[in-house]
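Colleague: For the sequence shown, counting from 1, position 19 maps to 34 in the working numbering; every step adds exactly one.
Hints in this document: simulated from the structure, not taken from any laboratory.
Keep in mind the model is a prediction, meaning the values are calculated, not measured.
Hints may be right or wrong, so weigh each one.
[Stated by the list, open to error] Okay, derived cross-link-like pairs now, DSS-like style, lysine-lysine, Cα gap no bigger than 25 Å in a straight line: (1) K339 <-> K329; (2) K238 <-> K63; (3) K238 <-> K329.
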Amino acid sequence: MNKSSADIRRAFQTFFAERGHEIVPSSSLVPANDPTLLFTNAGMVPFKDVFLGREHRPYQRAVSSQRCVRAGGKHNDLENVGFTARHHTFFEMLGNFSFGDYFKRDAIQYAWAFLTETLELPAERLWVTVYEEDDEAAAIWLDEVGVDPSRFSRIGAADNFWSMGDTGPCGPCSEIFYDHGPEVPGGPPGTPEEDGDRYVEIWNLVFMQYDRGANGALTPLPKPSIDTGMGLERIAAVVQGVTNNFDIDLFRNLVDAAARLAGTDDRQGSSLRVIADHIRACAFLVVDGVLPSNEGRGYVLRRIIRRAVRHGYKLGIEEPFFWKLVEPLIEEMGDAYPELPANRALVERVLSQEEVRFRETLEQGLRLLAEDLEHLSGDTVPGETVFKLYDTYGFPVDLTADVAREQGLHLDMAGFEEAMTSQRERARAASVFRAEYGGAADFGGTTIFSGYDVTEDAAQVIGLYRDGGAVDALEPGEEGMVILDRTPFYAEAGGQVGDTGHLIASGVEFKVEDTQRYAQARGHLGQMISGRLALGDAVDARIDAARRDRTALNHTATHLLHAALREVLGEHIHQKGSLVASERLRFDFAHFEPITADQLGAIEALVNAWIRRDEAAEIFETDYDAAIDMGATALFGEKYGDRVRVVRFGDFSTELCGGCHIATTGRIGLFAITTEGGVSAGVRRIEAVTGAAAIERMQKQARTLAQAADRLRVSPDNLLPRLDQETDRVRELERELGRLQQRLASQAGSELADSAREVNGVRVLAARIEEGGQSLRDTVDQLKNKLGSAAIVLAAADGDKVRLVAGVTSDLTDRLRAGDLVNHVAAQVNGRGGGRADFAQAGGSDPAALPAALESVTAWVQSHMENEKG
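From just these sequences and the hints, can you work out the full model?
Modeller: Put into structure tokens, the structure is as follows:
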């Protein structure tokens with residue numbers, strides 16, 4: 016039965032829904048509240064906290080088709096994409112999950128029934144493996160399901176024992192393989208030939224059975240769970256009778272669309288497959304709020320886009336094309352993922368703008384690489400070349416590796432890393448603290464947050480960390496992290512910065528410089544000022560109340576700004592990031608064009624109008640669905656529980672928010688926008704200040720205005736008309752200066768023309784003049800008109816800088832090129848340049864060498880004319 020990819024996805028969800036599983040929509044590709052992952056890379060990622068016992072769902076069985084990306088960090092398949100049958104940057108993982116409900120027997124029987132009954136795969140084509148010590152699973156497969164022992168094997172822990180990390184939940188696996196038949200090379204799993212394509216793994220059943228302790232001991236979990244994963248693309252290839260994922264219906268249509276854009280009938284090339292794969296990853300990353308940038312997730316997206324564009328260039332596609340594949344992608348996946356068509360305009364614009372930017376440097380960068388490879392001795396591309404392409408032309412390293420691999424070369428990565436060292440220096444800041452303690456602090460402790468109600472609270476020390484590891488005490492002068500059982504300190508989240516303050520006891524003071532969240536615990540990062548702080552000690556936790564108050568003002572103002580943006584610019588406005596600090600606020604949002612001065616004024620005025628209304632804050636908890644029904648704004652990709660905290664001000668702002676706010680909007684006092692601009696394709700940023708900082712800014716602006724008016728000897732009300740007058744006067748003076756320079760150039764040209772020498776019928780002039788800037792070029796043009804067939808070099812020196820221009824009349828450009836001529840002179844004054852055949856310019860830094868360099872021009876022209884003649 017030849018089912019489409021959509022049919023298989025639908026059948027999988029229906030099969031498990033009929034068996035009591037909750038159908039859970041795919042989560043974002045950006046993991047919520049999980050700094051350990053760059054992207055969602057497996058179907059179980061959205062359920063990670065459920066398996067760890069930190070989160071509870073209203074169901075014990077779930078089924079999902081989770082979109083995943085493996086293109087960065089530890090899980091990176093990017094370089095293999097397009098060159099193998101089964102690697103992708105983006106893929107869909109079908110999975111069924113049990114959270115302490117059913118276990119091995121049901122999981123195995125469900126899998127077998129779905130494969131052999133629903134998908135009608137022949138049992139004799141299926142091969143099963145279990146962990147070598149898992150007798151229970153083996154018995155179920157062999158004795159109950161009846162799998163042929165000849166198609167069954169036990170595998171070691173490297174392949175068939177899964178763990179979430181060095182410690183924590185883990186358990187044996189059982190994998191199901193499909194046998195494509197003897198005509199395809201490869202051997203059964205567990206044999207030396209297993210890397211062939213004959214036997215393909217289609218489903219992995221993970222039996223979460225144990226808790227691994229720090230000493231490596233395995234303790235049975237009180238509620239064993241099930242986590243399974245089956246790649247949709249792989250199972251579709253099996254069902255549709257092909258051995259390459261790129262031949263399934265979903266990819267076949269995308270490859271066809273790419274081939275039409277390339278004007279080729281060959282559907283088997285790796286470039287078409289790369290493009291078809293990459294449009295899926297790029298489109299969904301943009302949908303999930305990732306935009307091209309030079310760091311983190313944005314840089315991975317930029318790498319994928321540029322890799323696709325390079326392959327399009329390789330196919331001869333000369334115009335921006337990548338965005339045009341969004342439409343055929345929506346045709347394939349829009350029904351399953353309605354957020355894709357809903358964000359079509361954003362995705363197309365982001366991809367188009369990024370491609371246009373990259374194409375400006377692509378050809379030049381590829382030419383540079385080709386030149387370097389042409390003179391390469393050996394099979395290794397130097398690290399300096401790789402770095403130059405990366406640093407100067409924005410070439411991701413894997414793109415350079417692609418080009419090199421196509422020519423049988425590899426990269427000198429050690430040399431590249433050495434060249435990168437200077438760019439990897441980073442200031443040691445609070446983020447470093449977070450990286451140091453991220454793993455160590457996940458010890459299962461819980462901190463109760465009391466900071467919504469108080470700024471000071473009694474607490475007990477339940478965890479201490481220094482240099483990334485747990486300690487029993489902190490001594491004076493040591494930096495570290497303190498975990499308390501309860502705290503008024505707000506941990507950084509939702510854009511709001513972490514609180515600062517002090518932990519105080521008798522003779523003990525710990526200065527808190529930042530507060531961060533680690534699972535259910537709150538880490539107080541800072542330094543011991545005095546005394547000794549030990550586990551179990553009682554402390555008085557006091558936040559910097561004035562700083563918190565200013566932060567709360569800015570957080571409430573951020574909500575008002577968000578509401579004003581949606582009212583003035585439209586409902587399409589979606590938050591893309593924020594910073595709420597004590598001194599300012601920053602708000603990033605999706606919008607396609609610069610905001611006009613009138614719009615900016617309207618936004619600022621609307622926020623201040625809401626401030627004057629002095630609306631009281633309504634803050635309460637309710638069910639997530641109820642909050643959405645009342646119109647609360649939720650951030651896409653953010654992880655919310657069943658109960659959510661709602662912050663509402665009047666009838667204009669209702670948001671889901673866990674941050675700190677003021678009691679009434681009137682306390683903000685004043686809101687002032689300081690800057691507005693673009694951050695990346697389709698994303699704008701507004702920065703603003705409130706309260707005393709806003710008043711100080713306006714006072715400073717008023718003083719500046721008064722000083723400017725005083726200098727122009729007008730009243731502030733008449734400043735703009737006077738500035739217009741002065742601007743007109745300056746423009747007229749600039750025009751007059753230009754006319755004078757042209758006149759001087761004409762005079763200089765007349766005088767210089769008399770000193771020209773004749774070489775083989777060509778007038779040659781090389782001279783130093785006092786004028787610089789545009790007058791050099793004007794003088795060259797004057798001399799061309801006066802001398803007829805001529806080659807001209809003019810130079811001007813200012814301090815230790817030399818400026819050169821060269822001109823060649825059009826009748827000589829087939830024999831003499833101005834760019835070559837100017838570089839001949841520039842090389843002698845420690846410089847270089849370039850330009851067209853008839854005009855070029857250069858710079859240098861050795862004025863002392865200029866006389867000899869100019870003297871050499873006549874001989875250079877004579878030599879080139881004789882060579883051409885010969």
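Colleague: Do the alpha carbons of K238 and K329 lie within 25 Å of each other, as the hint requires?
Modeller: Violated, at roughly 54 Å.
Colleague: Holds or violated: are the alpha carbons of K339 and K329 at most 25 Å from each other?
Modeller: 17 Å, holds
Colleague: Given the hint that K238 pairs with K63, does the C-alpha gap stay at or below 25 Å?
Modeller: 15 Å, holds
This entry does not satisfy hint 3, going by the numbered hints stated previously; all others are met.
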